[in-house]
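Chemist: Based on the sequences and whatever the hints tell you, model everything.
Here the protein sequences line up with chains A and B, keeping their order. All letters in the first sequence, in the order written, are residues 1 to 230 by our numbering. All letters in the second sequence, in the order written, are residues 231 to 635 by our numbering.
To be clear, the hints were calculated from the coordinates, so they are not data collected in a lab.
Computed cross-link-like contacts, BS3-like style, restricted to lysine-lysine with a CA-CA straight-line distance of at most 27 Å:
id : chain 1 : residue 1 : chain 2 : residue 2
1  : B       : K536      : A       : K75
2  : B       : K540      : A       : K98
3  : B       : K237      : A       : K76
4  : A       : K111      : B       : K249
5  : A       : K132      : B       : K237
6  : B       : K369      : B       : K396
7  : A       : K75       : B       : K237
8  : B       : K476      : B       : K459
9  : A       : K159      : A       : K116
10 : B       : K627      : B       : K554
11 : B       : K237      : A       : K159
12 : B       : K251      : A       : K98
13 : A       : K22       : B       : K627
14 : A       : K98       : B       : K249
15 : B       : K396      : B       : K431
16 : B       : K540      : B       : K237
17 : B       : K237      : A       : K98
18 : A       : K76       : A       : K159
19 : A       : K98       : B       : K554
20 : B       : K476      : B       : K450
21 : A       : K75       : B       : K554
22 : B       : K627      : A       : K161
23 : A       : K111      : B       : K554
24 : B       : K418      : B       : K367
25 : A       : K116      : B       : K237
26 : A       : K83       : B       : K540
27 : A       : K132      : B       : K249
28 : B       : K237      : A       : K120
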Amino acid sequence: MIRIEKLHKSYPIGKDSLHVLKGIDLHIKEGEFVSIMGSSGSGKSTLLNIVGLLDEHDEGDYFLNGQLIKNLNEKKAAILRNKFLGFVFQSFNLISYKTALENVALPLYYKGINRKDRLKIALEYLDKVGLKAWANHLPNELSGGQKQRVAIARALVTKPKVVLADEPTGALDSTTTDSVMDLLKDINDEGMTVFVITHEEEVAEQTKRIVRLKDGIIISDELTKPAKAV
Amino acid sequence: MKFLFEKDTWQEIYGSIRKNKTRTAITIFGAFWGILLLVGLLGAAKGIENSFNNMFGDFATNSVFMSGNRTSMPFKGFQEGRKINLRLGDVDKIRSEIDAVQFVVPRNATGGQVVHGLKTGNFTIFGDFPLLDEVQKKKLIEGRFINQSDINENKKICVISEGVYKELFDKNEDSINTYIKISGINYKVVGVYETSQFEGKNNIHIPFSTFKLVYNKGDKFEWMVVTGKKEFDIVQVEADVKLLLKNLHKIHPDDNRAFRGFNLGERIKQVTGFLTGMQFLTWFVGIATLIAGVFAIGNILLITVKERTKEIGIRRALGATPTKVRQQIILESLFLTLLAGSLGIIAGGGILMLIDKFDLLVNPTVNIPIVLIAYAVLVILGTLIGFIPAYMATVVKPIDALREE
Numbered sequence: 001m002i003r004i005e006k007l008h009k010s011y012p013i014g015k016d017s018l019h020v021l022k023g024i025d026l027h028i029k030e031g032e033f034v035s036i037m038g039s040s041g042s043g044k045s046t047l048l049n050i051v052g053l054l055d056e057h058d059e060g061d062y063f064l065n066g067q068l069i070k071n072l073n074e075k076k077a078a079i080l081r082n083k084f085l086g087f088v089f090q091s092f093n094l095i096s097y098k099t100a101l102e103n104v105a106l107p108l109y110y111k112g113i114n115r116k117d118r119l120k121i122a123l124e125y126l127d128k129v130g131l132k133a134w135a136n137h138l139p140n141e142l143s144g145g146q147k148q149r150v151a152i153a154r155a156l157v158t159k160p161k162v163v164l165a166d167e168p169t170g171a172l173d174s175t176t177t178d179s180v181m182d183l184l185k186d187i188n189d190e191g192m193t194v195f196v197i198t199h200e201e202e203v204a205e206q207t208k209r210i211v212r213l214k215d216g217i218i219i220s221d222e223l224t225k226p227a228k229a230v
Numbered sequence: 231m232k233f234l235f236e237k238d239t240w241q242e243i244y245g246s247i248r249k250n251k252t253r254t255a256i257t258i259f260g261a262f263w264g265i266l267l268l269v270g271l272l273g274a275a276k277g278i279e280n281s282f283n284n285m286f287g288d289f290a291t292n293s294v295f296m297s298g299n300r301t302s303m304p305f306k307g308f309q310e311g312r313k314i315n316l317r318l319g320d321v322d323k324i325r326s327e328i329d330a331v332q333f334v335v336p337r338n339a340t341g342g343q344v345v346h347g348l349k350t351g352n353f354t355i356f357g358d359f360p361l362l363d364e365v366q367k368k369k370l371i372e373g374r375f376i377n378q379s380d381i382n383e384n385k386k387i388c389v390i391s392e393g394v395y396k397e398l399f400d401k402n403e404d405s406i407n408t409y410i411k412i413s414g415i416n417y418k419v420v421g422v423y424e425t426s427q428f429e430g431k432n433n434i435h436i437p438f439s440t441f442k443l444v445y446n447k448g449d450k451f452e453w454m455v456v457t458g459k460k461e462f463d464i465v466q467v468e469a470d471v472k473l474l475l476k477n478l479h480k481i482h483p484d485d486n487r488a489f490r491g492f493n494l495g496e497r498i499k500q501v502t503g504f505l506t507g508m509q510f511l512t513w514f515v516g517i518a519t520l521i522a523g524v525f526a527i528g529n530i531l532l533i534t535v536k537e538r539t540k541e542i543g544i545r546r547a548l549g550a551t552p553t554k555v556r557q558q559i560i561l562e563s564l565f566l567t568l569l570a571g572s573l574g575i576i577a578g579g580g581i582l583m584l585i586d587k588f589d590l591l592v593n594p595t596v597n598i599p600i601v602l603i604a605y606a607v608l609v610i611l612g613t614l615i616g617f618i619p620a621y622m623a624t625v626v627k628p629i630d631a632l633r634e635e
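Modeler: Shown next as structure tokens:
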């Protein structure tokens, strides 16, 4: 699903440049539940942005769903994001003046699905995250955990290949963290590839594979014990 | 261009505008004000013009009023200070010798006490020819104006203005074929006419010939109205007539005091020039305000784009292509100008209706094509100005946009 070979990325800072990713090799198969661990500055967010097509890499190859990602223009990137990727952000990134339902339906709008259908689909997904009753509430009327579940519904609504979650529990307390992680686990159990970035050990432990990043290189890549016996 | 006609596109824009009411109101205010001002001012200017035209009613506006005065220069053995009286013979000469003249209407006037039953009043009595009706059209409420047989037979008839009727007669009392006593002589009322603002309201007209006999005027008369044919300059007509009269009355050609003249045509030209100037000013102010309004829309959209960087970043992360983002912002601009324009036109129309209702001006109107052109200009400019914020919205990379707090 995601194949990364010898990936390099550096940011120019004044005259110098900051080498953030120093040759990452990573292969994520379909249906995996992977977490990227690392302290801040380890390059994990940069990696997610590149995987999420929000940023471009300098060297190396990146294949998404078998397709080589290179020299994408904004339009192609937007279409690929819409088609293959679902995003969950630390700060939820819901649009404040749209209701939960409209927020979930937004990716479908950009996919070109008509309003009636997309509201119907969005409602199904809201139901799936247990927030059907909150469909017509604005984000500021929801709790943090609820917001994140709306965001997850929004990430799922286009039936993407990969869900990318950037510190999805970073702004949540431990109870809601668990409910969000359970939700991600459920999604993964349905066969979705889930890619989580976190610096919390407890969160990482709930995934199936932990990749540890330090100073731009992978220092370990191991499977966790299966949390549930299948 | 298919997206323009998709319900979804507009629903998305409507949603974003409806949920940000304050922003919307502030954004459209400038353009709203611009078109309101344009419609209001143009309508008011037209209303002033109409009021002005109304004041003269059916008056021949290309006319000169002339009367005799005293000479100020000695000439051909005559001393200066000689009194000049206009005579009926002069009228025939003017008619036959000056081509540019359309009508020459000699008139006499005097004041007199008028009695009808128990009511009396002091009014101005005019001695007039039927021709007066050609240069100062009388809107008759009932009856007729003086005719040629009245003149030929020196009939004792009179035509009175509405103002006189109101003072001498009871409400709804029949006036036609009744008699009123002017300076002790009975005249039969044959017509009542609607007063126009320009003439004054207390006028009684009797046949010129009758006036001549009753007031012992001989061939003399007090003043005349000379109207020029349309294609001739009224200032030149006045000069020509004066020159002819100077010849007839043996007055020095350079004596400018021998005749009094009021050139209505020239005065009206000045006022018309003023009205044109005012209309030009109206256009200038209106269009300038309109443009300022459009810039205000662009400006505020630019600020909101900055403010909405994060929202735009989210939309792009969710799969909005740069084209989609730009489309949305340009269409928001278009929608806002449409809204501002429509509201402005409605409000402007409302103001003009109020002005009309309270009779502040006569018939203040704006031509529909002019309104539509202004509207089109507003909408086109609004759309064009939308390109600037639209460009600014996509110039930021989505990753930077998302980081924005």
